[in-house]
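*Asks:* Spelled out, the chains give:
Protein chains: 2
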Amino acid sequence: MATSTDRSQEIQKLHELIKGIDYGMFTTVDDDGSLHSYPMSKSSEINSEATLWFFTYAASHKVTEVEHHKQVNVSFSSSEQQRYVSISGTSELVKDRNKMRELWKPELKTWFPKGLDEPDISLLKVNINQVNYWDSASSFKSTKISF
Amino acid sequence: MATSTDRSQEIQKLHELIKGIDYGMFTTVDDDGSLHSYPMSKSSEINSEATLWFFTYAASHKVTEVEHHKQVNVSFSSSEQQRYVSISGTSELVKDRNKMRELWKPELKTWFPKGLDEPDISLLKVNINQVNYWDSASSFKSTKISF
Chain Y
1 MATSTDRSQE IQKLHELIKG IDYGMFTTVD DDGSLHSYPM SKSSEINSEA
51 TLWFFTYAAS HKVTEVEHHK QVNVSFSSSE QQRYVSISGT SELVKDRNKM
101 RELWKPELKT WFPKGLDEPD ISLLKVNINQ VNYWDSASSF KSTKISF
Chain F
1 MATSTDRSQE IQKLHELIKG IDYGMFTTVD DDGSLHSYPM SKSSEINSEA
51 TLWFFTYAAS HKVTEVEHHK QVNVSFSSSE QQRYVSISGT SELVKDRNKM
101 RELWKPELKT WFPKGLDEPD ISLLKVNINQ VNYWDSASSF KSTKISF
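For the record, the sequence lines run as chains Y and F. Heads up: the first sequence begins at 1 in our numbering, then just goes up one per residue. Heads up: the second sequence begins at 1 in our numbering, then just goes up one per residue.
Simulated from the structure, these hints should not be mistaken for lab results. Computed from a prediction, not measured in an experiment: that's the story for all the values here. Worth double-checking, as some hints may not be accurate.
The list treats identical chains as interchangeable, and a pair is accepted whether it falls inside one copy or across any two copies.
Here are the simulated lysine-lysine pairs, DSSO-like style, with alpha carbons at most 27 Å apart [stated by the list, open to error]:
no., residue 1, residue 2
1, K99, K144
2, K144, K42
3, K13, K114
4, K99, K42
5, K70, K144
6, K144, K125
7, K141, K109
8, K19, K141
9, K13, K125
10, K105, K13
11, K95, K125
12, K141, K99
13, K144, K114
14, K114, K141
15, K125, K99
Construct the complete structure from the given sequences, taking the supplied hints into account.
*Replies:* Shown next as structure tokens:
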């Protein structure tokens, strides 16, 4: 089992890997077994917890998918930086107004024109279990981080 | 059902969407239900068929995942072009030497140093069922193409 020092190093490494890559592709499994990806803007950098947060509408299809199959993947790709990150975890819908106020950023108005007054606005939290990444520094060999 | 003209227009649209984005994130489902993504260099542009091809080692874990759960997603992201493409389909392992010779490109030597003489070198074919894309031209509204 990872010690707390290991864990803080792992979280710091993940923070560096995805810093500056705003959009992740959030992949879910549908009831028929098919996989769908959705571009989602991450709502904060990775800090002390191994979690990702995304704003969503609670009635969107991806939320139904997550409620039926909670395991998801979020990938971050940067061709300029030659870096590819796969984040495996479980996701859940969170309707916490305080958390929404903490995470809100004006750029999100593109999708949520009324901001936090948007009916149905919610959060998808991703609890991270495993990260794999590939970059030019590792000659594109896969490196694994377990949480 | 799509007519052949519709189909050729859909394939042309997909060709344009992912042209110039070399790496896709290939997402699979593991036996425990967890989702993993792998960066993979696409081995040809989309031409007359709604298929994607990737070189792989037949013994790699993603091949086992595909054999147990054939539904996959391949996403292509370009932050410069503000374009995000989700491709849902089914995948299968193909060990066709002629197809490998047709698709081989020297850049693949990074992963397959011996080229087509690499033991175990194979192809993963993806038969495309559905494409969704988001770009600045559509104000990041999702557009769906069914095949």
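*Asks:* Take the hints in turn and mark each one as holding or not.
*Replies:* These are the hints, each one checked on the structure:
1. Within a single copy, K99 and K144 get their C-alpha atoms no closer than 30 Å, and across copies no closer than 32 Å, so neither meets the 27 Å cut-off.
2. Taking the shortest Cα distances, K144 and K42 sit within 27 Å of each other both inside one copy (21 Å) and across copies (23 Å).
3. Within a single copy, K13 and K114 get their C-alpha atoms no closer than 35 Å, and across copies no closer than 33 Å, so neither meets the 27 Å cut-off.
4. With identical chains, the CA atoms of K99 and K42 are at most 27 Å apart within one copy only, with a shortest distance of 14 Å there and 40 Å across copies.
5. In this homomeric assembly, K70 and K144 come within 27 Å of each other (Cα to Cα) both inside a single copy, at 22 Å, and across copies, at 24 Å.
6. When the C-alpha separation of K144 and K125 is checked against a cutoff of 27 Å, the pair qualifies both within a copy, at 22 Å, and between copies, at 26 Å.
7. Taking the closest pair of Cα atoms, K141 and K109 come within 27 Å of each other only across two copies (13 Å); inside a single copy the shortest separation is 38 Å, beyond that limit.
8. In this assembly of identical chains, K19 and K141 lie within 27 Å of each other by CA distance both inside one copy and across copies; the values are 21 Å within and 25 Å between.
9. With identical chains, the CA atoms of K13 and K125 are at most 27 Å apart within one copy only, with a shortest distance of 20 Å there and 34 Å across copies.
10. Only within a single protomer do K105 and K13 lie at most 27 Å apart by alpha-carbon distance; the minimum there is 24 Å, versus 33 Å between protomers.
11. With identical chains, the CA atoms of K95 and K125 are at most 27 Å apart within one copy only, with a shortest distance of 10 Å there and 40 Å across copies.
12. Only between protomers do K141 and K99 lie at most 27 Å apart by alpha-carbon distance; the minimum there is 26 Å, versus 37 Å within a single protomer.
13. For the homomeric pair K144 and K114, the shortest alpha-carbon distance between copies (26 Å) is at most 27 Å, but the shortest distance inside one copy (40 Å) is not.
14. Proximity of K114 to K141 under the C-alpha cut-off of 27 Å is restricted to the inter-copy arrangement: shortest distance 17 Å between copies versus 44 Å within a copy.
15. Taking the closest pair of Cα atoms, K125 and K99 come within 27 Å of each other only inside a single copy of the chain (11 Å); across copies the shortest separation is 43 Å, beyond that limit.
Taken one by one, the earlier hints fail for this structure at numbers 1 and 3, listed in ascending order.
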